[in-house]
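Protein chains: 2
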Amino acid sequence: MAAHGRHTVHAVHHHFGWDRSLSPVLRVTPGSTVAFECHEASGGQITAISTATDVPKLDFARVNPVNGPVLVEGAQPGDVLKVTIESFVPSGFGWTAVIPGFGLLADDFKTPALHLWRYEAGGRVPANFATIGRVPIRPFAGTIGVAPAEPGLHSIVPPRRVGGNMDIRDLSAGVELYLPIEVEGALFSVGDTHAAQGDGEVCGTAIESPMTAVLTLDVIKGSNIESPRFTTPGSVTRHVDTKGYEVTTGIGPDLMQGARDAVRRMIDLLCRRHALAAADAYMLCSVAGDLRVSEIVDMPNWVVSFYFPRIVLD
Amino acid sequence: MAAHGRHTVHAVHHHFGWDRSLSPVLRVTPGSTVAFECHEASGGQITAISTATDVPKLDFARVNPVNGPVLVEGAQPGDVLKVTIESFVPSGFGWTAVIPGFGLLADDFKTPALHLWRYEAGGRVPANFATIGRVPIRPFAGTIGVAPAEPGLHSIVPPRRVGGNMDIRDLSAGVELYLPIEVEGALFSVGDTHAAQGDGEVCGTAIESPMTAVLTLDVIKGSNIESPRFTTPGSVTRHVDTKGYEVTTGIGPDLMQGARDAVRRMIDLLCRRHALAAADAYMLCSVAGDLRVSEIVDMPNWVVSFYFPRIVLD
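Keeping their order, the protein sequence lines are chains A and B.
Under the numbering used here, the first residue of the first sequence carries the number 2, and numbering increases by one thereafter.
Under the numbering used here, the first residue of the second sequence carries the number 2, and numbering increases by one thereafter.
Just so you know, these hints were derived from the structure itself, not from any lab.
Mixed in with the good hints, there may be bad ones.
Chain copies aren't distinguished; within one or between two, either way the pair holds.
In silico SDA-like cross-links for lysine to any residue, where the CA-CA straight-line distance does not exceed 25 Å [stated by the list, open to error]:
1) Lys111 - Val90
2) Lys111 - Asp315
3) Lys83 - Cys272
4) Lys83 - Gly93
5) Lys83 - Arg266
6) Lys244 - Ala49
7) Lys222 - Asp269
8) Lys111 - Thr85
9) Lys111 - Arg265
10) Lys244 - His8
11) Lys244 - Glu151
12) Lys244 - Asp255
13) Lys83 - Ile312
14) Lys244 - Ser173
15) Lys111 - Pro301
16) Lys244 - Ala174
17) Lys244 - Pro234
18) Lys83 - Leu270
19) Lys58 - Arg7
20) Lys244 - Ile312
21) Lys244 - Arg125
22) Lys111 - Arg266
23) Lys83 - Asn225
24) Lys111 - Ala49
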């Protein structure tokens, strides 16, 4: 049954992993606007009464439930799905965790940690981190994509050519996202909403937060692309950059090692300067700091830099 | 002879490569402000009458001449050199090149290319790229550092723990840069000034431009750091971000391959949309676009994104 205009994919209509054989929960015509009632990344395994001892019990087969799939009529392999990100309605609850075995510095952080957030649901005021930090809110969907062509069930964790768990913190309201379509009807799903995150998502989690995402789905015929791309309407850092940044570097021939060095040095700096616990500094880096490649050409050493916005702790 | 107050290291006082045995051209007390008359990266090999045929003739033994070294009295190994970046006086002339064998996409771009820039020396108006592009000016020093402890002459090309050719585009006016000191007197040098560059410097060159850099050199005793870090006073993207960005992605298990994929896809997009030659798009990406790591935790696939500011071509 195709439907026009505004639709809702309710929280109950979610799935785990990508699979082209899943039955669509909604069929829409191109140009339709849909509200998705998204779960947070644990799918209810972490709640407002959870503690760090619950973190190692997370069942990864049940992480990142996504709402959908939505079939877009007329969409064919080789077309592009244009997703206009209209708005988010955040819930005001969120969590950030250090999950053993997961995250950029998994070798350094083997003890689970959990921070629970309560933030103003309108997203107009920063989320407090105890009494010492204020993280500006900028909601987006961590997982957004379409079904891959390959048959079978594919893990939700890695992102792919067709999108998925990309955790791109700039996929926020006002953005136009373009996804390559690999199956008839596109089979679009979205979830894993975040209230805030920096580039890199270095500890492995953002401010994981349930919220409603309102998106418009359209089809561009025959304009094949190789991987997701998007257009932002303006600045992507205005919410955090007014007081500038503290920046640490990692310099050497391996980008991954450079990234680890830069983040480790920022954690050291924040701990020293603000008397933070290392796990708290790591989580703040993940929800607010940005991993950038300053140069990738001065053989054989590259510079990876980690930018932490001073507004968070000043 | 130690001197107080304002000093100048003239253009003639430059050297090639890092070497702790070089004699200082100036001795200053901590807190001194010094003007450095910096050469552009070719050290005069590329001029306002050069063409692309001159690019392969570049002698890499003579690239990145740096002004100095300046001995800072009392500086010892284990101290930190604090460099306050006061201001730049740009020259109005610059060049950007595709140098065969150099740059992130050296395998794709084997033909030399050269773009010569004339920009308003005050840096208040964007530099025109023919009639189609406008690149906002934001001067900084590509090469800034101190002598490494290891004896001998070290190539200027790779950056190191002690700084050097870091090509960090945010080392602009107002920034405080902290460098680890490895030799007595620090032996500070600076050069390779750029009128504009994006994160990554993907084609291998920026808007290479001679200019005077005014810096204050100070010593922080005993506060050893592992690699350069810096503090910015405010936004680092305000000059380019008002119209937002076009963003392409590279998704996979290797950060270097992801970076190459993201930049290739941006070049394709710019060429298609603006009828640019590929080498021109590559150079514009290098002087204005940013390489960011969107996520580095969703095993086994990372997302590297390339952000091109729409203000340049809109």
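Now the hints, each set against the structure:
In this assembly of identical chains, Lys111 and Val90 lie within 25 Å of each other by CA distance neither inside one copy nor across copies; the values are 34 Å within and 50 Å between. Neither within a single protomer nor between protomers do Lys111 and Asp315 lie at most 25 Å apart by alpha-carbon distance, with minima of 29 Å and 48 Å respectively. In this homomeric assembly, Lys83 and Cys272 come within 25 Å of each other (Cα to Cα) only across copies, at 21 Å, whereas the closest approach inside a single copy is 43 Å. Proximity of Lys83 to Gly93 under the C-alpha cut-off of 25 Å is found in neither arrangement, the shortest distances being 29 Å within a copy and 42 Å between copies.
Only between protomers do Lys83 and Arg266 lie at most 25 Å apart by alpha-carbon distance; the minimum there is 17 Å, versus 39 Å within a single protomer. Proximity of Lys244 to Ala49 under the C-alpha cut-off of 25 Å is found in neither arrangement, the shortest distances being 32 Å within a copy and 39 Å between copies. Taking CA atoms no more than 25 Å apart as the test, Lys222 paired with Asp269 passes between copies only; the shortest distance there is 19 Å, against 50 Å inside one copy. With identical chains, the CA atoms of Lys111 and Thr85 are never at most 25 Å apart, being 39 Å at best within one copy and 39 Å at best between copies.
Within a single copy, Lys111 and Arg265 get their C-alpha atoms as close as 15 Å, which meets the 25 Å cut-off; across copies the closest is 38 Å, which misses it. Proximity of Lys244 and His8 under a CA criterion of 25 Å is satisfied in neither setting, with 41 Å inside one chain copy and 31 Å between copies. For the homomeric pair Lys244 and Glu151, neither the shortest alpha-carbon distance inside one copy (47 Å) nor that between copies (38 Å) is at most 25 Å. Taking identical chains as interchangeable, the C-alpha atoms of Lys244 and Asp255 are never at most 25 Å apart, the minima being 31 Å within one chain and 33 Å between chains.
In this homomeric assembly, Lys83 and Ile312 come within 25 Å of each other (Cα to Cα) only across copies, at 22 Å, whereas the closest approach inside a single copy is 34 Å. Taking identical chains as interchangeable, the C-alpha atoms of Lys244 and Ser173 lie at most 25 Å apart whether they share a chain (22 Å) or sit on different chains (15 Å). Proximity of Lys111 to Pro301 under the C-alpha cut-off of 25 Å is restricted to the inter-copy arrangement: shortest distance 19 Å between copies versus 32 Å within a copy. When the C-alpha separation of Lys244 and Ala174 is checked against a cutoff of 25 Å, the pair qualifies both within a copy, at 23 Å, and between copies, at 15 Å.
When the C-alpha separation of Lys244 and Pro234 is checked against a cutoff of 25 Å, the pair qualifies both within a copy, at 22 Å, and between copies, at 6 Å. Taking the shortest Cα distances, Lys83 and Leu270 sit within 25 Å of each other only across copies (16 Å), while inside one copy they are farther apart (42 Å). In this homomeric assembly, Lys58 and Arg7 never come within 25 Å of each other (Cα to Cα): the closest approach is 38 Å inside a single copy and 63 Å across copies. In this assembly of identical chains, Lys244 and Ile312 lie within 25 Å of each other by CA distance both inside one copy and across copies; the values are 6 Å within and 24 Å between.
In the homo-oligomer, the alpha carbons of Lys244 and Arg125 lie at most 25 Å apart both inside one protomer (18 Å) and across protomers (22 Å), since each shortest distance falls under that limit. Proximity of Lys111 and Arg266 under a CA criterion of 25 Å is satisfied intra-copy only: 18 Å inside one chain copy versus 38 Å between copies. For a Cα distance limit of 25 Å, the shortest separation of Lys83 from Asn225 inside one copy, 12 Å, qualifies, whereas the shortest one across copies, 50 Å, does not. Taking the closest pair of Cα atoms, Lys111 and Ala49 come within 25 Å of each other only inside a single copy of the chain (23 Å); across copies the shortest separation is 57 Å, beyond that limit.
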